[in-house]
Amino acid sequence: MENEEQQCLEDRFKAKRRRERIEKGGYFLVSFGILFIVWESVRAVGLIDPKLFPSIHAVMKACLVGLKDGSLQMHIYASFMRVLTSFAIGILLAVIFGFLVGWFRVVRLFLDPVINFFRALPPIALIPLMIIFFGIGETSKLVVLSYAAFFPAMVVIYQALVGLDPIYIRAAKTLGAGNMEIFRKIILPQLVPHIITACRVSLGVCWATLVAAELIAAQKGIGAMMVDAQNFFQMAPLVLGILMIGAISLAMDAMVRAVERRATSWQEKMA
Amino acid sequence: MQEERREQNGIVINRVGMTYSGIAGNVEALRNVNLKIEPGEFICLVGPSGCGKTTLLNVIAGFLEPTAGDVAIDGRKIQGPGPDRCVVFQQYAVFPWLTVRENVEFGLRLSVNKRSSDETRQIVDRFVDLVGLKDFENAFPKELSGGMKQRVAIARAYAVNPEVLLMDEPFGALDAQTRQFMQESLLQILEKERKTVLFVTHGVEEATFLSTRVVVMAARPGRIREIIPIHLPYPRVAATKTSPEFIAIRASIEKVVREEFQKQRELSCN
Chain W
1 MENEEQQCLE
11 DRFKAKRRRE
21 RIEKGGYFLV
31 SFGILFIVWE
41 SVRAVGLIDP
51 KLFPSIHAVM
61 KACLVGLKDG
71 SLQMHIYASF
81 MRVLTSFAIG
91 ILLAVIFGFL
101 VGWFRVVRLF
111 LDPVINFFRA
121 LPPIALIPLM
131 IIFFGIGETS
141 KLVVLSYAAF
151 FPAMVVIYQA
161 LVGLDPIYIR
171 AAKTLGAGNM
181 EIFRKIILPQ
191 LVPHIITACR
201 VSLGVCWATL
211 VAAELIAAQK
221 GIGAMMVDAQ
231 NFFQMAPLVL
241 GILMIGAISL
251 AMDAMVRAVE
261 RRATSWQEKM
271 A
Chain B
1 MQEERREQNG
11 IVINRVGMTY
21 SGIAGNVEAL
31 RNVNLKIEPG
41 EFICLVGPSG
51 CGKTTLLNVI
61 AGFLEPTAGD
71 VAIDGRKIQG
81 PGPDRCVVFQ
91 QYAVFPWLTV
101 RENVEFGLRL
111 SVNKRSSDET
121 RQIVDRFVDL
131 VGLKDFENAF
141 PKELSGGMKQ
151 RVAIARAYAV
161 NPEVLLMDEP
171 FGALDAQTRQ
181 FMQESLLQIL
191 EKERKTVLFV
201 THGVEEATFL
211 STRVVVMAAR
221 PGRIREIIPI
231 HLPYPRVAAT
241 KTSPEFIAIR
251 ASIEKVVREE
261 FQKQRELSCN
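First to last, the sequence lines map onto chains W and B.
Take the first sequence: its position 262, counted from the start at 1, is 262 in this note's numbering, and no numbers get skipped.
Take the second sequence: its position 96, counted from the start at 1, is 96 in this note's numbering, and no numbers get skipped.
Hints listed in this document are in silico derivations from the structure and should not be mistaken for laboratory results.
We put the beta carbon where it would ideally sit given N, CA and C, even for glycine.
Treat the hints loosely; a few may be bogus.
Claimed, not checked - Derived DSS-like pairs: lysine-lysine, alpha-carbon spacing no greater than 25 Å straight-line:
1) B/142 to W/16
2) B/77 to B/192
3) B/142 to W/14
Unchecked claim - Per label pair, the in silico range of CB-to-CB distance:
4) B/79 to W/166: 12 to 22 Å
5) B/12 to W/12: 49 to 59 Å
6) B/192 to W/110: 49 to 59 Å
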């Protein structure tokens with residue numbers, strides 16, 4: 001009887017979730033649809049010189065041409081790998097340093113001022129220096145992007161660690177947990193959602209910095225593609241580059257959010 | 001009971017004193033507290049706020065080290081927190097990232113209480129059942145009411161087979177009806193699985209209803225003012241609270257608590 005009731009409730013809950021997902025998908029399509037309509041009508045009315053702003057059709061054609069000769073894939077792959085590699089390096093270091101800074105008060109007091117200084121410093125500001133240090137090859141880009149991924153993630157992780165509720169540690173101690181067990185079974189599970197948040201923030205910053213890094217010196221990558229297009233006054237590939245960066249960054253964020261939903265289903269959500 | 005023979009001598013609190021030194025000078029939270037708790041007793045600590053009842057509980061739990069005296073359990077002096085003195089907190093402290101079942105299992109998976117997986121399963125089954133959460137064993141705490149969360153905490157404590165349950169205002173955050181229900185549930189659980197309990201509360205009625213002895217504490221410095229045995233027979237039910245004996249005992253304890261409260265107010269006015 002009670003089970004049946006619960007089953008019924010669960011079904012209704014699932015149906016509601018499904019409806020919400022469809023609703024969200026609908027709004028997604030509509031809002032982008034409107035964006036494209038505005039784009040085309042602005043051109044049609046003549047508010048913008050059509051030479052300076054390509055039609056959707058032209059951008060799609062540039063996309064197809066790029067896909068056919070493989071140059072688009074190559075650029076996307078180059079950018080993607082840069083972001084992924086430096087994101088991985090940045091997050092790994094952020095987790096390690098986040099723990100050190102969050103766990104040891106002395107380390108925190110010592111490093112806090114410096115952290116805040118570097119956090120306030122936009123990663124792009126490092127590019128000229130890094131080019132002198134490491135040349136215009138991959139290394140300088142990886143350093144700048146890893147740096148971009150590192151700071152926001154580390155700050156999220158260490159602040160989460162500082163803000164943990166000590167009641168769970170006390171509860172574990174009174175059940176007989178040792179220090180390592182407290183770390184593995186109490187601290188880590190509570191940090192998982194924050195580490196995922198850190199990943200989201202870092203990925204966003206990484207993509208934002210990527211283009212700046214590629215604009216300056218790169219043969220491959222979406223940023224490089226855009227610079228080439230700019231040099232030859234090819235508006236379609238230029239706009240295509242912008243759309244690609246937005247779309248890939250959105251897709252990556254959606255992926256992280258999907259992981260987040262699975263990993264944090266135990267949390268009480270505001271919405 | 002779990003197949004483990006322990007020497008049962010209860011808890012001996014021997015001349016415990018606790019002084020916090022702070023910027024504003026020293027605060028004597030406990031002075032010369034002596035109490036012997038027999039196995040199977042239900043002791044409630046009541047008193048005005050600031051009388052050191054939670055401090056005393058934290059000393060017994062091992063979260064605080066007393067500045068004078070010591071506490072022994074079955075003849076062993078306590079050092080730090082441990083599963084022989086499991087605490088149930090007012091804020092539930094049920095791990096939100098684990099299901100009900102995993103919460104109850106938590107203590108048994110720690111190296112100090114490690115058991116075979118068969119035995120673990122049996123113990124968890126028994127205590128999830130004992131607190132009446134069989135239908136919710138796969139639910140996460142966010143899906144539970146306050147009373148249910150507290151029952152998870154009780155089952156989790158029971159699972160590691162502590163010598164004594166230390167309960168720090170466990171029903172303080174619950175509404176009046178749920179609190180009454182939880183008081184009765186706790187007595188029923190104890191009826192089935194006897195444990196020594198030390199219970200901190202503000203409520204004289206709650207203390208009278210639950211305990212075998214009520215310890216009234218006085219503030220500044222925190223010390224034991226009076227120990228009142230409650231000779232009401234178990235099982236006690238909701239109707240017990242309206243019986244004339246109950247009302248008389250409650251009134252006499254309330255009088256002592258009120259006197260202490262009054263003294264404290266006069267002190268702080270000076």
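Quick rundown of the hints versus the structure:
1. B/142 to W/16: Holds, because 19 Å separates the two Cα atoms, which is no more than 25 Å.
2. B/77 to B/192: This hinted pair is violated, its Cα atoms lying about 29 Å apart.
3. B/142 to W/14: At roughly 18 Å apart (the allowed maximum being 25 Å), residue 14 of chain W and residue 142 of chain B satisfy the hint.
4. B/79 to W/166: 12 to 22 Å: Once the Cβ atoms are compared, 20 Å apart, the range 12 to 22 Å for residue 166 of chain W and residue 79 of chain B holds.
5. B/12 to W/12: 49 to 59 Å: For residue 12 of chain W against residue 12 of chain B, whose Cβ atoms are near 57 Å apart, the range 49 to 59 Å holds.
6. B/192 to W/110: 49 to 59 Å: holds (55 Å)
Of the numbered hints stated above, the single one contradicted by the structure is hint 2.
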